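Line by line, the protein sequences are chains A and B.
First residue of the first sequence: 31, per the numbering used here; consecutive thereafter.
First residue of the second sequence: 78, per the numbering used here; consecutive thereafter.
Accuracy of the hints is not assured; some may be wrong.
[Stated by the list, open to error] Below, a list of computed lysine-lysine pairs in the DSS-like style, where the Cα atoms sit at most 25 Å apart:
1. LYS308(B) x LYS218(B)
2. LYS324(A) x LYS218(B)
3. LYS90(A) x LYS218(B)
4. LYS324(A) x LYS308(B)
[Unchecked claim] Derived contacts from chain B toward chain A, CB cut-off under 10 Å, selection only:
5. MET154
6. TYR225
7. LEU226
8. ILE229
9. LEU275
10. LEU277
11. TRP294
12. ALA306
No wet-lab data here; the hints were simulated from the structure.
Here the structure is a predicted model, which is why all the values come from computation and not from measurement.
C-beta: ideal position from N, C-alpha, C; glycine also.
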Amino acid sequence: MSTHTVDAPKKRNFKISKRYLPYVLSLPALLMCIGILIPFFTAVAYSLQRYRLSQPWARKWNWGENYLNFMTDPAFWNTLKVSLTYAFLTVGVELLLGLGIALLLQKRTRFNNFVSIMLLMPLMTAPALASLMWKLMTNPGFGVLSYWATLLGIEDMKWASDPSTAMMTVVIVDVWVYTPFIMILLLAGLRSLPRQPFEAAELDGVPRLFVFWKITLPMLTPFLLTAVLFRVIESIQQFDIIYAMTQGGPGDKLTVFQVEAYLNFFQSTNVGRSAALLMILWLITYILSTIFIKNWLRLRERARGEG
Amino acid sequence: MHKASVLERTLRGIALTLVIFFFMFPIFWIFLMSFQTNETILRVPPSMIFEPTLTNYRSLISGTLEGSTATLEIRFMSNLYNSLFLSVTSVTVGLLLGVPAAYAFAKLKFRGSEDIAFTLLSFRFAPPLLVLLPLTIYFQKIGLADTYLGLIWVYQLIVLPLILWIVRGYFEDIPSDIEYAHRIAGHGFWSTFTKIALPLAGPGIAAAGLLAFIFAWNNFIFALVLASADKQPVTVGALAFITASGINYGQIAAGIMLSIAPTFALALYAQRYLVEGLSLGAVKG
Numbered sequence: 031m032s033t034h035t036v037d038a039p040k041k042r043n044f045k046i047s048k049r050y051l052p053y054v055l056s057l058p059a060l061l062m063c064i065g066i067l068i069p070f071f072t073a074v075a076y077s078l079q080r081y082r083l084s085q086p087w088a089r090k091w092n093w094g095e096n097y098l099n100f101m102t103d104p105a106f107w108n109t110l111k112v113s114l115t116y117a118f119l120t121v122g123v124e125l126l127l128g129l130g131i132a133l134l135l136q137k138r139t140r141f142n143n144f145v146s147i148m149l150l151m152p153l154m155t156a157p158a159l160a161s162l163m164w165k166l167m168t169n170p171g172f173g174v175l176s177y178w179a180t181l182l183g184i185e186d187m188k189w190a191s192d193p194s195t196a197m198m199t200v201v202i203v204d205v206w207v208y209t210p211f212i213m214i215l216l217l218a219g220l221r222s223l224p225r226q227p228f229e230a231a232e233l234d235g236v237p238r239l240f241v242f243w244k245i246t247l248p249m250l251t252p253f254l255l256t257a258v259l260f261r262v263i264e265s266i267q268q269f270d271i272i273y274a275m276t277q278g279g280p281g282d283k284l285t286v287f288q289v290e291a292y293l294n295f296f297q298s299t300n301v302g303r304s305a306a307l308l309m310i311l312w313l314i315t316y317i318l319s320t321i322f323i324k325n326w327l328r329l330r331e332r333a334r335g336e337g
Numbered sequence: 078m079h080k081a082s083v084l085e086r087t088l089r090g091i092a093l094t095l096v097i098f099f100f101m102f103p104i105f106w107i108f109l110m111s112f113q114t115n116e117t118i119l120r121v122p123p124s125m126i127f128e129p130t131l132t133n134y135r136s137l138i139s140g141t142l143e144g145s146t147a148t149l150e151i152r153f154m155s156n157l158y159n160s161l162f163l164s165v166t167s168v169t170v171g172l173l174l175g176v177p178a179a180y181a182f183a184k185l186k187f188r189g190s191e192d193i194a195f196t197l198l199s200f201r202f203a204p205p206l207l208v209l210l211p212l213t214i215y216f217q218k219i220g221l222a223d224t225y226l227g228l229i230w231v232y233q234l235i236v237l238p239l240i241l242w243i244v245r246g247y248f249e250d251i252p253s254d255i256e257y258a259h260r261i262a263g264h265g266f267w268s269t270f271t272k273i274a275l276p277l278a279g280p281g282i283a284a285a286g287l288l289a290f291i292f293a294w295n296n297f298i299f300a301l302v303l304a305s306a307d308k309q310p311v312t313v314g315a316l317a318f319i320t321a322s323g324i325n326y327g328q329i330a331a332g333i334m335l336s337i338a339p340t341f342a343l344a345l346y347a348q349r350y351l352v353e354g355l356s357l358g359a360v361k362g
């Protein structure tokens, strides 16, 4: 009897807390969501306004005008072109290089594991600092890479400050920093593949190139897709490497979305145009990230099913 | 398995050497540069033979730059301190807020949980400036502009989604039976959470915390937009330092080495967690 009376309130207590517990626990995440959504909708509003920090009195709604202006604005099309070129080049090279390295390091040996950990170092370097490192190496006066270029017969190579080589230079820095990411993901993928198909192919004497195209690649596809989507989403938004290297220059050679939006906001104080640019970038990344998240969840599900 | 021919092994060796060279050389070269004075740095052709000197590190640490005309004060060490402070506090805050939330998302399915989780994750991939630019205007209004508090808050944008999603996966892997057994033995929710769930998800929390620290340390754009000189971390400080110090290349190199050393050390120390975190939970190490 006495135990029963003690138990009863306890049970009720537990019920109440159980009902509100999830909300208490996830409150920070919820607040965070609101904290992101408020600035986001503010940005949407800015993008529909004529809003210059230098002329606050002239601020007014102009609805789609910022977006409509893009249609005839060569600077916008340049931004789109530069961003897509950058994303395409970086991810393309990183994918090929990352896959190649992952295949080289596929066997679980002590040496291979050591190398793969060493190769993570560029990825641990802050992209902005990586740009500074390469800036020191490509300095036309004393940079070691500029010197090597002269050995190859290329005199007076100006790297990032020359319009014709600026893109190549920042792409090299991006490749240096992010290839290890693709490598580590593909290496994990390669090592998680089931052994049987490869052993069967080996027994039957199937040529290795055939094995690669018909067994390895198809089985690796979910990993390739995850890595590529993740990198494209990040690469199309790249800011650190480009800003630290040239601040978007020379001229408008490297004014990718975020750099252009940053310059619009802080230099020409054109908040409306800056916000509209970011909205377009957001739309691109939103579509890509929805595909990415679905794909990634499926991959994770599979990994947990096996483990 | 396959017996590699001599030719194949040679080709693989060459390829691997080139790869290691490309990825390691910049770090190696800047490391060498950090022990040189301008005199040896500016030599043509560049050479690896020089008399190493510690003056670059010494002047960075003491905070005075001996220029040709005057002595300049540099705040590089305070940048380094800012980086450490911002990263440690924002990861701590992120873990305190994120781990319980991750548990709620994983184990106590409730209305709206998937929507919150998805929104957070999809904004993890949104352009940071989209949120940052309106925030600069808000922060100026509510007095959070250029404060550590404001920066730590904004750093949660990177730290929290990462922790939530990595740790959530680990909580989901814990069989509910274990927790029920503990509950039936008369223990409450809190005890189950701290005695059963937290230890079992330990590796995931470590991986998420480590990765969050590295992302916070390496962040550039948040502080560039929101922090003034005395609150800036090394990533932004180093860029300003280049313009300020002009042509003191050895010091710039030394500054870069000091700025990347902490993340390198962490990565080497906790490589297992790092690989696990980096493969996005796609593979269990």
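Run the structure past the numbered hints and jot down the numbers of the failing ones, going up.
2, 4, 5, 6, 7, 8, 9, 10, 12
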